[in-house]
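Asks: As they're listed, the protein sequences go chains A and B.
In terms of the numbering used here, the first sequence opens at residue 1 and continues consecutively.
In terms of the numbering used here, the second sequence opens at residue 317 and continues consecutively.
Hints are computed from structural coordinates only; laboratory data are not their basis.
A few of these clues could be false.
[What the hints assert, rightly or not] Among chain B residues calculated to face chain A with C-beta under 8 Å, some are: (1) K344; (2) Q385; (3) K403; (4) P421; (5) V423; (6) G432; (7) G458; (8) P461.
Computed from a prediction, not measured in an experiment: that's the story for all the values here.
Glycine is no exception: its CB is placed at the ideal position from the N, C-alpha and C atoms.
Listed here are the chains, written in short residue letters.
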Amino acid sequence: MSCKFIINGLLFVGSLQIQAGTFALITNQGSDNVSIIDLDQNQVIATVPSGHRPAGIAVSNIDHRAYVTNPESKDVSVIDIKNRLLIKNIQAGDGPVGIAVHPDGREVYIADWYKHLIYILDARELVITSSIPVGHSPSGIAVTPDGLSMYITNRDDNNVMHINIPERKIVATIMVGKAPFGITIADSGEQIYVANVQSSDVSIIDRRTDAVIQTVAVGLFPYAIAHDQSGNRLLVTNQRDNDVSVIDLASFMEIKRITVGEYPEGIDIHPSKEFVYVASWFDDKVSVIDLKTLEVIDEIETGKGSRAYGKFMYTD
Amino acid sequence: MVKFFKLGLIALLLIPALTLAHGPSRVKVDHQIEINAPADKVWGIVSDFCSIKDWNPAVTECESDNGNQPDSVRVITLENGQKMKEKLVKFNTEGTMYQYMLIEPNVDAFPINTHGATISVKDAGGKTVVEWKGAFYRSFPGPTPPPELTDEAAEKALSAFYKAGLENIKKLAE
């Protein structure tokens, strides 16, 4: 009897393991969980619990983990993606929102919206080891591909800070538009893109000089940005226009709007560079945009209040 | 003198953080009502940006600076005398929807900071469905709001405001 139970249990666990492929992990604010979408089928194949009102996400392909910020339970959920399990919730200040993982997978950076700090989480020990005081209401974090720098947005100071990671030091403060939120770095590491919610534009920063080289007008209340290196363009979610702006990076002009769900938030690009995925908070769904045609080709129902604020692609 | 100057600077540094920061999680409010009247008639009742004083019993006064033109700003006065300033963001002249946003939060009116909402009127086979949906962040600038300033309290207050308006539109149209 007990033997049979154990065997069944093992089989059960075995069948739950995620197979190879590419997946989108979407935080669902209203359901307190994360949807795992298989991007070969565009279907939710698993749902993993998180803390209360999950918002931000950072995925590590090295550790097969997702780190999720829960601003209302004031903690970070560590999720084992392959086994679809919540490993641990780690207390993280007063209002963890933005989150990013270092390219080597060893550290995770968490922005505390209320305490104006960036926490450094040791990904091996799963403890917060130190913090860096920054500006008011830090909200977005992005790490350069070489792992040397992180750039963060301070929403209430209308600026971006460049932090040298090895030295744990702020090396530049760059004024941008009003209420900067989402931040994304080019695959090449050469440019930084910032969505300014209240001025409805995108600031483009040159990494060599840490200066804004262009400001491009987009839709109302832009939130987050995906960079398509091969197409040399940006895709920006406009919360109050229910669409995505496409910016051509050769001309620095908005060239198209793509209608998605209401209150689009998180946006990320498939590693194949063929598709972009947009989570729409009001409509509880993810829209799939084909980068060849710049049209929505599919919609995937998620949990309630899908946000996915951060880098949410996982490839195994 | 120097001390006062320093205090002034500190105050300047603190004020933006206190006034701008809001709750970390946006909250949804979404209500609709079915009305036994044609959509044209219903749109006639709700479409003027300041007609909210006629169809929402919780609003006693409304003044706008530019009618239904884009970026028109209305100041509404609630039953308790509190005022809110809101801007018209989109106005669909085909008679289906308008969108507005709060531009000057007033915690004594509603404990909300940013608030965007849409009122839409849809024909449903001779009947009409009016939907009022919006989203906001709580205005309390810290992680642990007192009970009257929580997401839940704000949602309850705003829901009641939406519902009262919708029910009265139905009454007026039918």
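Asks: Hint by hint, note whether the structure agrees.
Replies: Consistency of the hints with the structure:
1. Annotation: K344(B) was flagged as interfacial toward chain A, and the flag holds, the nearest CB pair being 6 Å apart, inside 8 Å.
2. A cut of 8 Å between beta carbons decides the hint on Q385(B): the least distance to chain A is about 17 Å, and the hint is violated.
3. The beta carbon of K403(B) comes no nearer than 11 Å to any beta carbon in chain A, farther than 8 Å, and the hint placing it at the interface is violated.
4. For P421(B), the interface hint is violated, since its Cβ never comes within 8 Å of a Cβ in chain A; the closest pair sits about 13 Å apart.
5. Because the smallest distance between the Cβ of V423(B) and any Cβ of chain A comes to about 17 Å, over 8 Å, the interface hint for this residue is violated.
6. Look at G432(B): its Cβ gets to within about 5 Å of chain A, closer than 8 Å, so that hint holds up.
7. Given the 8 Å rule on beta carbons, the hint for G458(B) holds: about 6 Å separates it from the nearest Cβ of chain A.
8. A least Cβ separation of about 11 Å between P461(B) and chain A goes past the 8 Å threshold, and the interface hint is therefore violated.
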